[in-house]
Amino acid sequence: MIQRLLVANRGEISLRIGRTARDLGIEYIAIYSDADKNALHVILSDRAYRVGPPESERSYLNMDRIISIAKEAGADAIHPGYGFLSENAEFAQKVIEAGLIFIGPPPEAMRLMGDKLQARKLAQKVGVPTVPGSKEGISTVEEGIEIAREIGFPVLLKAAMGGGGKGMRVVREEQEFASAFKLAQAEALGAFGDPTIYIEKFIENPRHVEMQIIADKYGNVVYLGERECSIQRRHQKIIEESPSPIMTPEKRKEMGEAAVELIKAAGYYNAGTVEFLVDNDLNFYFLEVNARLQVEHPVTEVRLGMDLVKEQIRVAEGEKLSFTQKDIEPRGWAIEARIYAEDPANNFFPSPGKITFLREPNGPYIRVDSGIYQGYEVPIYYDPMLSKLIAWGEDREEALNRLERALNEYIVFGIQTAIDFHKKIINDERFRRGDIHTGFLNEFHYSPVERKKEAALAGSLVFSIRSAMPSEPKGECLKESKWKIIGRELALKGGFDEILG
Amino acid sequence: MIQRLLVANRGEISLRIGRTARDLGIEYIAIYSDADKNALHVILSDRAYRVGPPESERSYLNMDRIISIAKEAGADAIHPGYGFLSENAEFAQKVIEAGLIFIGPPPEAMRLMGDKLQARKLAQKVGVPTVPGSKEGISTVEEGIEIAREIGFPVLLKAAMGGGGKGMRVVREEQEFASAFKLAQAEALGAFGDPTIYIEKFIENPRHVEMQIIADKYGNVVYLGERECSIQRRHQKIIEESPSPIMTPEKRKEMGEAAVELIKAAGYYNAGTVEFLVDNDLNFYFLEVNARLQVEHPVTEVRLGMDLVKEQIRVAEGEKLSFTQKDIEPRGWAIEARIYAEDPANNFFPSPGKITFLREPNGPYIRVDSGIYQGYEVPIYYDPMLSKLIAWGEDREEALNRLERALNEYIVFGIQTAIDFHKKIINDERFRRGDIHTGFLNEFHYSPVERKKEAALAGSLVFSIRSAMPSEPKGECLKESKWKIIGRELALKGGFDEILG
Amino acid sequence: MKYWVEFEDGGFEVSIIDENGSKRIFLNGESSEVELLSLDGKNTYVAFVDGRPLIFQANFKSNGTLEISFPDRTHEMTIVKSIGRSGERRKAEQKGPRKVKSPMSGLIVDVMTEIGREVKKGEALLVLEAMKMRNEIKAPRDGVVKELKVSKGQTVEAGAVLLTIE
Amino acid sequence: MKYWVEFEDGGFEVSIIDENGSKRIFLNGESSEVELLSLDGKNTYVAFVDGRPLIFQANFKSNGTLEISFPDRTHEMTIVKSIGRSGERRKAEQKGPRKVKSPMSGLIVDVMTEIGREVKKGEALLVLEAMKMRNEIKAPRDGVVKELKVSKGQTVEAGAVLLTIE
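Residue numbers (this note's numbering), protein chains in the order written: chain A, 20 to 520; chain B, 20 to 520; chain C, 323 to 488; chain D, 323 to 488.
There's no promise every hint is true.
Examples of chain A residues toward chain D, derived with CB under 7 Å [what the hints assert, rightly or not]: (1) 57; (2) 62; (3) 66; (4) 67; (5) 68; (6) 394.
If you are wondering where the hints come from, they were derived from the structure by calculation, not from laboratory data.
All residues carry an ideal CB built from backbone N, CA and C; glycine is no exception.
Sequences are here, hints too, so could you generate the full structure?
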């Protein structure tokens, strides 16, 4: 049994994993970079260790340092969260070699799933539908054009070792092929050290639907329902829901069983997600496996009453799944909005800075997985996601209404957030109908809410009080005592160390 | 269909009801006394109206004023919440006479349930077990002693119109009877204007178990499972859970059906709670009906995925229940801790004041129904409950572990809270075993957590920084600008009105 | 008291008057009863406008403008006491050169314009990399690039002037 | 630097020293590496004690004591710089008369003691009504009532001295 768990991550996901650890009586060890010393995941941990300077490469991606902290802290297990080292098979391997439990899939399965072309081959082998395309990497332009003709334009060039859109190119006509192919090769080589490119049929405006699975070390695999993740911006999901508005019970079973087959064939255990593209006729095609816990896992949890991190820990401890497929009875509808620190009125620029006022929503059927507090300074070094807002309802409409209620209650000052953008999306008529696809946001006309009249009212009210105080300087807020200014400088430097003692 | 709902209450329950209103597209009208102008339920409302001075009698209990606000605001319905006017049949009657919808039971049923002796008679009539006792009010000491002998000492004297323990006396021996009877009569007359006293068998250390019901206007009544509310201090519940650790499916069905019979016989509709005393042999006895939404309703909600306020509104609108008894399938275990502003280290004195730092728990399977925010000043005029913390788990142990996790994450500074007291209770061995009764807290030895060593460490660290700042005055916190001091004074006076313009 | 509230693209005349112990505000011909409360004893407020709560934060910036933030939108404005002469208003409306500032600290990874170049509103001028993302800096209005204060590879602070459009 | 931290019923000697850029604290013979951060730029802190976060708020009271609040308990203390002489410590330990203060604003509805009366720790002395509840004020220690500053029916402010026990 695990006694002490190091979470090799930061922010909301570190805390979310730590919470489950505590529920299970496991000590929660957090790590922090110099930019994160006063992060919520640190101050709510049982014990926190500095991992390095702010840059991820020197902190949250520093494998050896993380493992040595785990040893020093007496941790017996490491959970990688999502992002950072979570899908790094080498890290998993190192954790295991250090005599620690890695809370995730076996390194071999991670490696297999990390190679998109191998994963695709495996899917084909076990009869899981894949997007029509080349079986192997393509070495020449001529070979590529031949295959592209066979499957028909438009086609998609993809890097075998790819991810994050790098080395990816849509080719709509034959004459574009040669140059696109060379560019993709060069990009793939630069990004992944491997120029291998393969070709797939390009599906226009598909849906992104993924199947959550959980598997133990004894070959028991259960699918936990799908998530609809078609609302993406810059290849980043921002709203996820479960179930998908288009799924039928038959399709769900078919997709779930396909995912289970693939996972079994891969020798995979722990939690994982099998991603599919779904076309307008509900045909689904295997896309890839995310060999980790995902950002959007709560939408699955709140429908099932399940704690996926608990199940991950149990599987890692060698326990058998305590349920079978027929025990899985999802209830109602769940939807998640990722709350980012970014300014929708300014081209969605990241908006780091100090949170000067915060009141997060709560109450019935709202879950907030948050990594912030009032007074916290959002650092500039990492993904600007602040929290996730998850609403549950008996049906989609109720879930959406509650999500909107919670968005309206989410009060953050000091930084900008994309709350207005979310409100606009969930009130869009096509979105309400469930008529969405991965290109939805490209077609979505967003204009930031105009609040000038209210701002003029608010501004003149405040101005009228201020101008009634003749001695007050015009500078921001209040005249500050020297103590306060020094205190703030120290806080910015990362502590009061300098003048202690 | 209701368009605009006035909530005739304050704090967390006003906001909680307002949230459901918004989910249903109904405008949420809040009221506030002068002490509540900056309360969370006011600033998160759609529109707020001043109801009167701080004293409840002149604000939240001022029936005519509340109804006239509702008319002025164009509200078409009033929800009374709990406490205040929620069980006042006269108020319900007035609301209806004003042409508004009262979200609660019909006034006749409220009146019937308000008379404990009448409610008891009705229970007996429909075969619901009651505590053995007198059928009618007792007029003489002799008559009383005769009945007391019949049912056996100890007995309990109760005021027919009673509530809140007034006019209630335990009589353990015959020679105490006469004086106790006279005292009870005098108290009942003073408190309720009616000296009628009746006698019940006194049950030692019973459990308090209550059955939630919902009924529509067409005679459909469904029971929604029980709540165990035996953890009480000064007759006030502070921890509630569902299910009760002692209940069996058979007993639940029996109790649920008894509650349904009584509710039907009373011509009652809307949400309500039938309270029972349960003895060690699982015999249950009707205690009384709470003709309103209860503080602890969320523990029922989170197990069912139901919104009781939504159901109340639908019933009030004249809709039929959308489910029948067989649709009710509770999931897992839920437990609630009421978070009060009181100091457990100081005899549980109420602790009003300004909340200078706040971070409320959130994350998986935690619901917080809160009425506070950082910067809010908890007023001295009302019940000091700040919020309710509700945890859900697959089983009791998981629910308790999560509740503890959330209690550990609940950071409130500026006022004292009873968080430590809750932690001690839920870690008590007898409580963990489910071995509880209404006298549990009387027998519970509580000693506040000792944190002197940590306090000494924290104190000397802070002191060491302060003493390194020679120019800093010893006064509390920071030297304040005149502006800030004036601002605070104005805030205390209730606004910036005086210097506007 | 009368105020002229000036936004980038227009303004409002606002009057606030005392009325039987409460305040009344006139804005664009509409009138409302108003009340202002601080939520944190600092610069976070709730204004009740005919009883409707409006939560916002007010920040006076060092350049003399006032920034009003709602949870879903921030607007920047200049407020002047209006003494009734329209000249006051017109003066506030006149626009000088428009400075384009860096919305955050980051690295300039591309410069797509030059001094003297005519630009259209919305045209991409620079690419700024920050928080692992590349973001285009666009022209806030039509005009001519008058000053260009950064070059490729340069790091900039939040609020630094990148270029001026006249 | 050495400090003497004095509680109502005893105290601790605490030393804080610099050590290779970090701080070390000695308390009751135990030593820990410590670091202090402010969470709100004011008086809410997290102290890391050998990496274990300890969240608290510190309030210097007007009577010279320091109040340290954890989310589950508040302790009041007096801190003096200790210059190594035990006299300093003993002096801090000496107790003068003990003031019993009102924990909150309210109404005195009963007085059960009088000047000169000997009282035991925990004995009920007064009844204070506040927030609709009646609460007993108990003797914080054994002693004799020296001063009685309130009478039945009187309203008192939070922090007002109700009586003194010597």
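- Of the hints stated earlier, which fail here? No hint contradicted; all consistent.
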